[in-house]
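Peer 1: Based on the provided sequences and hints, a complete structural model is requested.
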Amino acid sequence: MRRVAPARRAAAVKVVGPQQWILLPALAVLAATLILATPIKVFGLTLPEPVMPMVLAFAWPLIRPSVLAPVALLIVGLIVDLFWGNRLGLWPMGLLTAYAVVLVSRPFIAGQDTRLLFAWYSGVTALAFFIVYLVTTMAAHQPPSLIALFFQFLPTILVFPAANWLVDRFDDGDLRFR
Amino acid sequence: MSLRESPFENLRVPLGWSAGGALVIAIALAIFLLLSDRSEADEPGHASVRSGFEAGAAPVGGVFAAPVRWLGQISDYVDDYFFAVSENRRLREELASLRAERDAVVALRNLNSQYEALLGIRVEPDVPLVSARSVSEARGPFRRARLIDVGRDRGIEVGNPVINEHGLVGRVTGVSDSVSRVLLVTDVTSQIPILVDRTDARAIMRGDGSGNPRLEFVRGNDSVEVGDRILSSGDGGLLPRGLPIGVVARGIDGSWRVKLFSDRGAIDFVRVMRFDNFSQLADGSTLDSPPLAGLDTAPPPSPEVVARIDDAQGRRRAEAERRAEVERQAREREAADTRARQAAAQAAAAREAPAQTAQPPAADGATE
Numbered sequence: 003m004r005r006v007a008p009a010r011r012a013a014a015v016k017v018v019g020p021q022q023w024i025l026l027p028a029l030a031v032l033a034a035t036l037i038l039a040t041p042i043k044v045f046g047l048t049l050p051e052p053v054m055p056m057v058l059a060f061a062w063p064l065i066r067p068s069v070l071a072p073v074a075l076l077i078v079g080l081i082v083d084l085f086w087g088n089r090l091g092l093w094p095m096g097l098l099t100a101y102a103v104v105l106v107s108r109p110f111i112a113g114q115d116t117r118l119l120f121a122w123y124s125g126v127t128a129l130a131f132f133i134v135y136l137v138t139t140m141a142a143h144q145p146p147s148l149i150a151l152f153f154q155f156l157p158t159i160l161v162f163p164a165a166n167w168l169v170d171r172f173d174d175g176d177l178r179f180r
Numbered sequence: 108m109s110l111r112e113s114p115f116e117n118l119r120v121p122l123g124w125s126a127g128g129a130l131v132i133a134i135a136l137a138i139f140l141l142l143s144d145r146s147e148a149d150e151p152g153h154a155s156v157r158s159g160f161e162a163g164a165a166p167v168g169g170v171f172a173a174p175v176r177w178l179g180q181i182s183d184y185v186d187d188y189f190f191a192v193s194e195n196r197r198l199r200e201e202l203a204s205l206r207a208e209r210d211a212v213v214a215l216r217n218l219n220s221q222y223e224a225l226l227g228i229r230v231e232p233d234v235p236l237v238s239a240r241s242v243s244e245a246r247g248p249f250r251r252a253r254l255i256d257v258g259r260d261r262g263i264e265v266g267n268p269v270i271n272e273h274g275l276v277g278r279v280t281g282v283s284d285s286v287s288r289v290l291l292v293t294d295v296t297s298q299i300p301i302l303v304d305r306t307d308a309r310a311i312m313r314g315d316g317s318g319n320p321r322l323e324f325v326r327g328n329d330s331v332e333v334g335d336r337i338l339s340s341g342d343g344g345l346l347p348r349g350l351p352i353g354v355v356a357r358g359i360d361g362s363w364r365v366k367l368f369s370d371r372g373a374i375d376f377v378r379v380m381r382f383d384n385f386s387q388l389a390d391g392s393t394l395d396s397p398p399l400a401g402l403d404t405a406p407p408p409s410p411e412v413v414a415r416i417d418d419a420q421g422r423r424r425a426e427a428e429r430r431a432e433v434e435r436q437a438r439e440r441e442a443a444d445t446r447a448r449q450a451a452a453q454a455a456a457a458r459e460a461p462a463q464t465a466q467p468p469a470a471d472g473a474t475e
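Line by line, the protein sequences give chains A and B.
For the first sequence, the residue numbers in our numbering are 3 to 180.
For the second sequence, the residue numbers in our numbering are 108 to 475.
Honestly, the hints are just simulated from the structure, not real lab data.
Some clues are possibly wrong.
[Said to hold, decoys possible] Pair ranges (Cβ atoms, derived):
1) B:D383 with A:R117: 58 to 68 Å
2) A:L148 with B:D256: 28 to 38 Å
3) B:E194 with A:P145: 32 to 42 Å
4) A:R117 with B:R305: 51 to 61 Å
5) A:P157 with B:G227: 32 to 42 Å
6) A:L148 with B:G227: 48 to 58 Å
7) A:V106 with B:S143: 25 to 35 Å
8) B:E332 with A:A112: 58 to 68 Å
[Claimed, not checked] Short, incomplete list of chain A residues facing chain B, as computed with Cβ under 7 Å:
9) L36
10) I42
11) P67
12) V69
13) F85
14) L90
15) L98
16) T138
17) M140
18) A142
19) S147
20) I149
21) A150
Note that CB positions come from ideal geometry on N, CA and C, so glycine has one too.
Peer 2: Written out as structure tokens, the structure reads:
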């Protein structure tokens, strides 16, 4: 078998490392969460509070299967829990469930139309919210308000363009995963 | 020995399988953390991790939030500009109605202090307040909490009530050296014992993640009406009695809800009440002792007080004697008058009696 010289191989293969598609998006998502938690009112309205890491839970398994991504998602979820004051493990549970569903369904939805991706994103977001709702109901012995739930679910699905951009940006970026 | 030279050089695990394995481990870890965490105030779970994270997150959040705060200030400026006239009108009306209430409050406060002094009531001590600024806020259905920029270094403790200029906001559930976490009354785990101002009826106000907490365990048919003021009842000793909370409204699901006063105030400034709950104030050994053991005689009065008391007693005695003397003289005068009237009457009767006996019965014979 003919071996390719290392110098030539490096030049031919474009490598996208975990820093680019895992670390930087994770930091960006956490920064957005911090900013949106600012207690201000703009023209009488408070800022929305979308669950920004849902973008990662949807985009990462579509970009490529990875060992690092679930670990990073767990860490991001824990940071969000600590920041919002939730029970530790609440949002990691929801995010990782969404990640698992997208990972299993990856062969069916990768490369599909944006509208289908949006529908799938909304579906897995609803699933993650349902799990978090269930856990919170059991822990607090009463269900949270469905109206309040809707007002967090809505901005969360509206950040789908960020997830779609992430998929477009990285799913074809590394020649080894084409 | 490098990996390439090891016996595992040719071992290839499919990427999907390894990713799935990592996923299962991560989910198991999340479940473990979820089961091991108790985030309630009475049993803080991973408290040191939380306080450490919050101490670090607060300044970072402050830096990230600076541009957003500027945006908020611009919006406030625009609001002030466009709504200054209507705001001014509203404030004038409010001021006019509050003037009468202010006078009534002054009179009532004076009367109340007199009653307290007369009855010897042990009133609650003044609660010191600490002003703070909200650094961040969680507004979701699963957690409603705030981070504020004061902590243990300003004497804040877990359980301290937090208010703004309009009413109750929540209470402190976590403290680090310079940052505290406030659980809002709208949080799904928040339960506050309240009373209805009009009827003095008791109930529990329970948050559900929405903006308007629910009233539960309301007894009686007419104990609550729309528009009733809700105050903290102080039951359980965690909150002082009488903190304003909101007014009663009907929810779209038909349940009793509370429109919070604290929503009217600034969103980012609060005050923490350094309030010791009653369970901390009470001494267990004193409560366990026999009922009369705690009683003691009053301390002996000072010479000044004794002199004042003697003086007051002397004055009272002299006044009583003077009144008794006046009454005695009046009685004597009245008795003398009575005697004189009786003597005159007897004399008149004695003069008329002989005249009647000296008349002859001729008149009787003449008529016959």
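Peer 1: Now tell me, hint by hint, if it's right for this structure.
Peer 2: Verification of the supplied hints:
{"no.": "1", "hint": "B:D383 with A:R117: 58 to 68 Å", "verdict": "59 Å, holds"}
{"no.": "2", "hint": "A:L148 with B:D256: 28 to 38 Å", "verdict": "34 Å, holds"}
{"no.": "3", "hint": "B:E194 with A:P145: 32 to 42 Å", "verdict": "39 Å, holds"}
{"no.": "4", "hint": "A:R117 with B:R305: 51 to 61 Å", "verdict": "55 Å, holds"}
{"no.": "5", "hint": "A:P157 with B:G227: 32 to 42 Å", "verdict": "58 Å, violated"}
{"no.": "6", "hint": "A:L148 with B:G227: 48 to 58 Å", "verdict": "53 Å, holds"}
{"no.": "7", "hint": "A:V106 with B:S143: 25 to 35 Å", "verdict": "28 Å, holds"}
{"no.": "8", "hint": "B:E332 with A:A112: 58 to 68 Å", "verdict": "59 Å, holds"}
{"no.": "9", "hint": "L36", "verdict": "4 Å, holds"}
{"no.": "10", "hint": "I42", "verdict": "3 Å, holds"}
{"no.": "11", "hint": "P67", "verdict": "4 Å, holds"}
{"no.": "12", "hint": "V69", "verdict": "4 Å, holds"}
{"no.": "13", "hint": "F85", "verdict": "6 Å, holds"}
{"no.": "14", "hint": "L90", "verdict": "4 Å, holds"}
{"no.": "15", "hint": "L98", "verdict": "5 Å, holds"}
{"no.": "16", "hint": "T138", "verdict": "5 Å, holds"}
{"no.": "17", "hint": "M140", "verdict": "10 Å, violated"}
{"no.": "18", "hint": "A142", "verdict": "5 Å, holds"}
{"no.": "19", "hint": "S147", "verdict": "4 Å, holds"}
{"no.": "20", "hint": "I149", "verdict": "6 Å, holds"}
{"no.": "21", "hint": "A150", "verdict": "4 Å, holds"}
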